[in-house]
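Once you know that position 43 of the sequence shown is 43 in the UniProt record's numbering, the rest is easy, because the numbers rise by one and skip nothing.
It cannot be assumed that every hint is accurate.
Stated by the list, open to error - Quick list of simulated restraints, FRET-style, between CB atoms:
1. ASP24 <-> GLU98: 40 to 46 Å
2. HIS78 <-> VAL51: 32 to 38 Å
3. ALA93 <-> THR57: 20 to 26 Å
4. GLY48 <-> GLY106: 29 to 35 Å
5. GLU27 <-> ARG107: 39 to 45 Å
6. ARG35 <-> HIS101: 19 to 25 Å
7. ASP40 <-> ALA94: 21 to 27 Å
8. MET70 <-> ILE108: 32 to 38 Å
9. GLN105 <-> ASP44: 21 to 27 Å
10. ARG102 <-> HIS78: 17 to 23 Å
FYI, nobody ran anything at the bench for these hints, they're computed from the structure. All residues carry an ideal CB built from backbone N, CA and C; glycine is no exception.
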Amino acid sequence: MDIHADGLSDAVSEPNADSPGQTDLLEAQVAQLERDMKADAVIDQAIGVVVAMTRMTPAEVWDVLRETSMCTNIKLRHVAELVVSWGRTGVLAADIREEIHRRLQGRIAW
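Construct the entire structure; sequences and hints are all you get.
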């Protein structure tokens with residue numbers, strides 16, 4: 001038997017089907033994780049769009065997206081959705097246009 005497995009029985013408890021609300025709690029946690037995964041995916045896509053158009057690293061683009069979100073008071077996920085749409089349509093939403101243009105000034109690689 002693995003010596004590390006001995007302590008696991010106390011560290012991780014099995015869900016108790018008799019606990020009221022346990023199923024609801026677990027379903028809420030799963031739903032939150034699914035939302036987070038979708039948000040992460042669109043942020044990664046937005047980073048890819050900007051990296052493809054600029055001479056910037058993914059870390060630099062992350063900072064641009066985060067700072068744009070903070071300066072415009074628009075959630076990061078929504079900023080990312082607008083950037084992905086920009087990559088697809090060529091039209092940048094007015095909500096973030098000025099801020100993104102200011103941050104990407106002279107870095108677009110045509």
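Problem set entry | Ascending list of hint numbers which this structure does not respect | Those not satisfied are hints 2, 4, 6 and 8.
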